[in-house]
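Engineer: Here's the letter readout for the chains.
2 protein chains.
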Amino acid sequence: MREVVILGIGQTSVDEHWEKSLRELAGEAIFAALNDAQRDSADALFIGNMLSGLLSKQENLGGLISDWIGLPGMEAEKVEAACGSGAAAFRAGLMAVSSGEVDSALVVGVEKMTESLPVETTEALVTAADADYESSQGLSFVAINALVMQRYLHTYGWKHTDFAPFSINAHANAMQNPYARLHEKITEKDYINARMIAAPINLLDASPIGDGSAAALLVPAEAISNNGRRIVRISGSASATDSIAIHSRKDPLWLAAAQKSAEKAYMQAGVTPKDIDFFELHDAFSIMSVLSLEACGFADRGKGPVLGLEGHITIQGKIPITTRGGLKARGHPVGATGMYQIVEAVQQLRGEAGMTQVEGSKIGMCQNIGGSGATIITHILKSV
Amino acid sequence: MREVVILGIGQTSVDEHWEKSLRELAGEAIFAALNDAQRDSADALFIGNMLSGLLSKQENLGGLISDWIGLPGMEAEKVEAACGSGAAAFRAGLMAVSSGEVDSALVVGVEKMTESLPVETTEALVTAADADYESSQGLSFVAINALVMQRYLHTYGWKHTDFAPFSINAHANAMQNPYARLHEKITEKDYINARMIAAPINLLDASPIGDGSAAALLVPAEAISNNGRRIVRISGSASATDSIAIHSRKDPLWLAAAQKSAEKAYMQAGVTPKDIDFFELHDAFSIMSVLSLEACGFADRGKGPVLGLEGHITIQGKIPITTRGGLKARGHPVGATGMYQIVEAVQQLRGEAGMTQVEGSKIGMCQNIGGSGATIITHILKSV
Chain R
557 MREVVILGIG QTSVDEHWEK SLRELAGEAI FAALNDAQRD SADALFIGNM LSGLLSKQEN
617 LGGLISDWIG LPGMEAEKVE AACGSGAAAF RAGLMAVSSG EVDSALVVGV EKMTESLPVE
677 TTEALVTAAD ADYESSQGLS FVAINALVMQ RYLHTYGWKH TDFAPFSINA HANAMQNPYA
737 RLHEKITEKD YINARMIAAP INLLDASPIG DGSAAALLVP AEAISNNGRR IVRISGSASA
797 TDSIAIHSRK DPLWLAAAQK SAEKAYMQAG VTPKDIDFFE LHDAFSIMSV LSLEACGFAD
857 RGKGPVLGLE GHITIQGKIP ITTRGGLKAR GHPVGATGMY QIVEAVQQLR GEAGMTQVEG
917 SKIGMCQNIG GSGATIITHI LKSV
Chain L
557 MREVVILGIG QTSVDEHWEK SLRELAGEAI FAALNDAQRD SADALFIGNM LSGLLSKQEN
617 LGGLISDWIG LPGMEAEKVE AACGSGAAAF RAGLMAVSSG EVDSALVVGV EKMTESLPVE
677 TTEALVTAAD ADYESSQGLS FVAINALVMQ RYLHTYGWKH TDFAPFSINA HANAMQNPYA
737 RLHEKITEKD YINARMIAAP INLLDASPIG DGSAAALLVP AEAISNNGRR IVRISGSASA
797 TDSIAIHSRK DPLWLAAAQK SAEKAYMQAG VTPKDIDFFE LHDAFSIMSV LSLEACGFAD
857 RGKGPVLGLE GHITIQGKIP ITTRGGLKAR GHPVGATGMY QIVEAVQQLR GEAGMTQVEG
917 SKIGMCQNIG GSGATIITHI LKSV
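First to last, the sequence lines map onto chains R and L. According to our numbering, the residues represented by the first sequence are 557 to 940, in order. According to our numbering, the residues represented by the second sequence are 557 to 940, in order.
Since the hints were made in silico from the structure, they are not lab data. The structure presented is a predicted model; accordingly, all values stated were derived computationally and were not measured. Be a bit skeptical, because a hint or two may be false.
Pairs involving identical chains hold if they fit within one copy or between any two copies, as the list cannot separate such chains.
[To be verified] Simulated crosslink set (BS3-like; lysine-lysine; CA at most 30 angstroms straight-line):
#  : residue 1 : residue 2
1  : K576      : K806
2  : K830      : K745
3  : K918      : K613
4  : K745      : K859
5  : K806      : K613
6  : K918      : K938
7  : K859      : K830
8  : K859      : K806
9  : K806      : K820
10 : K859      : K918
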């Protein structure tokens with residue numbers, strides 16, 4: 557098994573890209589990644605995408621995008637794991653390179669969501685839940701998360717306001733990220749007064765959807781020389797699943813697949829949570845930030861909100877999270893999100909994160925979640 | 557890179573499975589494969605599926621199916637490459653095992669198509685074509701293939717009747733396959749008189765859709781001892797793409813991605829077309845059989861029909877194809893088809909193909925096609 561490094565990264569802004577099609581968005585991120593890597597092609601292309609069939613009437617993205625980027629003939633396919641599709645594609649690219657099957661792999665996450673009617677998008681997103689036992693009962697994704705958050709507040713005795721720091725931190729960090737969907741600083745007052753969506757989740761607990769694409773080029777470590785630039789290595793990569801339906805889990809407040817994939821990734825990378833310099837977590841809803849931090853060993857069970865309230869999650873804190881805005885403020889183009897996390901972690905590890913740079917960061921963790929915790933993929937990246 | 561073998565196979569019949577859901581179909585094939593391999597679990601699950609989002613409102617199949625089979629926690633994700641999804645998932649499983657990332661991988665192809673209205677299924681299938689430039693113009697998949705077949709007849713001077721042997725052979729072989737969708741022997745007269753669908757394609761040029769699932773368990777060669785049973789090794793595996801839209805290709809009658817992936821697989825396996833004992837090709841339409849045989853080096857350009865007319869494609873012929881019925885008569889549950897091909901090739905290589913056994917076969921080839929030739933994946937399997 558060959559060690560694999562990230563040689564180039566690229567991204568589009570997360571926005572309503574009315575003038576750009578799915579293939580154009582993917583192409584823009586891919587060309588940026590190739591330029592960044594100073595390469596002009598790759599052996600294979602792995603595409604993270606969830607909704608192209610449902611919202612753009614387009615599957616077979618491998619042929620579509622490889623042709624569009626001027627590399628017809630290359631191996632290419634789509635990997636789908638709901639909102640975890642980006643990281644699932646990244647892991648597929650990693651395995652293709654580490655196995656020796658290919659000598660370079662492009663991975664792109666791409667999603668186009670804003671041309672559809674909101675009801676269509678909501679219906680499409682809920683295909684990440686159990687169609688027979690959850691969505692058929694009328695549960696939308698925000699409703700599922702609202703049930704989880706309500707249960708968390710009840711079980712551990714927190715108030716809704718205690719979650720404010722997660723949203724405030726994400727919005728503050730996104731102010732410094734030109735690719736972010738939202739550039740609006742928010743206060744605790746804004747959070748408290750935000751419009752209710754599905755109690756207790758209000759508008760500022762929820763991440764905005766968007767169109768966008770993010771990409772990376774992977775090559776074997778042995779293929780490159782470290783000519784001045786900081787190389788980013790993939791030191792841990794693990795994927796795990798849990799029951800797709802919340803009601804089937806032993807504990808609806810515990811992300812078993814987050815724990816499992818994180819522990820595997822820690823072991824591979826030879827680190828513990830204490831060694832992680834920053835954590836790009838999957839804050840689709842603020843409750844998810846808390847559950848991820850607990851399952852990955854950054855907080856005791858039921859104590860996640862403390863990290864926010866005591867300021868540990870900011871750029872200067874003990875465990876900075878969503879350093880470029882996270883899903884909450886960078887935006888959540890679902891199948892692309894996992895690749896945005898990777899791109900942003902590479903920016904941090906290269907020292908290219910500007911005003912949101914985590915000083916001296918050498919080890920970053922990314923965690924991408926499909927559904928309400930059914931598929932969870934963790935990557936640990938190191939600069940060396 | 558570790559050598560990988562197929563330890564177990566399983567399948568459901570291809571049929572209208574009104575009483576079985578997507579997860580139940582997948583589970584049935586997976587349990588059969590595990591039983592066949594005498595194992596009770598695996599490290600990872602790769603799912604080939606095209607249409608679950610569009611037709612069953614269900615994505616995130618990784619979490620769904622791993623939970624259903626009683627192995628929540630395992631790594632699991634869906635791979636999509638239109639009708640080539642099955643082989644794409646198989647190749648993903650191969651890379652996961654060969655890279656050392658996992659020590660065993662289940663691959664399952666699953667599709668549930670017959671509960672939808674025919675117009676919904678047709679609309680869903682055409683997401684394999686270019687949404688902006690093909691399907692938006694009203695082209696369905698049968699229409700795309702009709703244009704290709706018409707062009708082939710025009711360019712090379714064949715008559716429609718010359719394609720009859722491909723359908724007759726597929727139906728004859730399916731008579732011996734209990735899992736096949738169609739058990740109807742057909743004659744040349746039936747072929748000539750079949751109802752026209754989209755000229756020149758008639759009902760007996762086209763494969764039937766269906767519900768079904770096929771699965772295999774992959775392990776490293778080093779992990780098993782050959783205790784009496786014939787082991788099947790994966791000796792060649794390659795995936796290639798072409799422009800998604802037919803009109804973008806240099807020659808609409810040449811499957812460039814079939815040639816590219818086949819040549820790569822031949823090289824990996826150290827064989828030439830002469831060494832292939834049988835070929836499970838992607839006969840979604842009879843014209844595709846001819847184009848595949850030509851692109852893979854079994855016939856000269858424009859001469860594919862000769863193989864049918866001279867009887868070379870039957871079980872006793874020089875290059876037996878669709879030995880268990882092919883897409884034409886076993887049926888074409890799109891995202892599962894590539895895995896049916898693998899399962900059937902293993903049956904041949906183990907000598908378990910009954911009345912359709914290709915005597916003494918040691919090297920088999922499978923080719924799975926996504927779209928009208930946009931994604932083509934070739935595998936060469938050997939019994940040793």
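Engineer: Report the numbers of all earlier hints that the structure fails to satisfy, in ascending order.
Structural biologist: Violated hints (numbers, rising): 2, 3; every other hint is consistent with the structure.
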